[in-house]
Structure formats: C-alpha cells, structure tokens
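Residue numbers for the sequence shown follow my numbering, so the first one is 54 and each next one is one higher.
These are calculated hints, taken from the structure and not from any lab test. Hints are not guaranteed to be accurate.
Stated by the list, open to error - With a cut-off of at most 20 Å between alpha-carbon atoms, the simulated PhoX-like pairs for lysine-lysine come out as follows:
#, residue 1, residue 2
1, 124, 84
2, 68, 124
3, 84, 148
Said to hold, decoys possible - Pairwise CB distance ranges, derived in the manner of DEER restraints:
#, residue 1, residue 2, range
4, 154, 132, 18 to 26 Å
5, 74, 152, 17 to 25 Å
6, 80, 106, 19 to 27 Å
7, 127, 76, 12 to 20 Å
8, 150, 63, 30 to 38 Å
9, 74, 119, 30 to 38 Å
10, 72, 151, 23 to 31 Å
11, 151, 80, 29 to 37 Å
12, 156, 61, 17 to 25 Å
13, 149, 119, 18 to 26 Å
Note that CB positions come from ideal geometry on N, CA and C, so glycine has one too.
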Amino acid sequence: DGSTPQSQRSRMVDKFNDTNSDVRLFLISTKAGSLGVNLTAATRVLLFDSSWNPSSDAQAIFRAWRFGQTKPVYVYRLLGAGTVEEKVYARQITKTGIVSGVCDDEQAD
Numbered sequence: 054d055g056s057t058p059q060s061q062r063s064r065m066v067d068k069f070n071d072t073n074s075d076v077r078l079f080l081i082s083t084k085a086g087s088l089g090v091n092l093t094a095a096t097r098v099l100l101f102d103s104s105w106n107p108s109s110d111a112q113a114i115f116r117a118w119r120f121g122q123t124k125p126v127y128v129y130r131l132l133g134a135g136t137v138e139e140k141v142y143a144r145q146i147t148k149t150g151i152v153s154g155v156c157d158d159e160q161a162d
C-alpha cells in the first residue's frame, strides 16, 4: 500500500538484491512497486492486484526485468474467473490494443 517509509524500503530492496543475502522473496503491491524500485535479483513476478492502467503493471514487471538483469524473468498473473480482476485484465488488453494501434510505426507518416 506504499506505507513503508522510503528509507526502510531502500534497505529492504538492497538486502533482497544482495547476492549474499538469504532473502529470496520480496512482496510488494503493484502500486508501491511501480516506481523507483529495482529488483534485479527477482526471477519471478506474480501479479495479483492488477491496475486499471496497463502501464502500472508493466512498470511493476520492469522492476525485475531491466538493465542489470542477468537471468530470465517469468511473469505470472493470478485471475479468478468471473472476478473484477478478470475484467480489469480484459480492459488492460483493450487499452493496450488501442495504444498500439494509435502508436503503430506503420501508421505514422
């Protein structure tokens, strides 16, 4: 929810990313993890609280899959059939398609 103070969050991130650390799991909400967090020690991203804005989820994924990452990153999205999360994800797909259509290089003159 973003209530962890920035200084404490930075220490937690540093410990997670330290190759000599025994910390192997880092839990962070999509909202709190969408900006300013570098988690290149992560090889798995589990999305369970999708945002209506697809770029927020993309930013959360890019916390692990970014410059400095040396391993494959696997992304998992938890969705329950008939839930709000399923509708949010469907809306994300629609929005992403619209943006891709508007920004498509083949369309630009």
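Item to check | Violated hints - listed by number, lowest first | outcome: 1, 5, 9, 10 and 12
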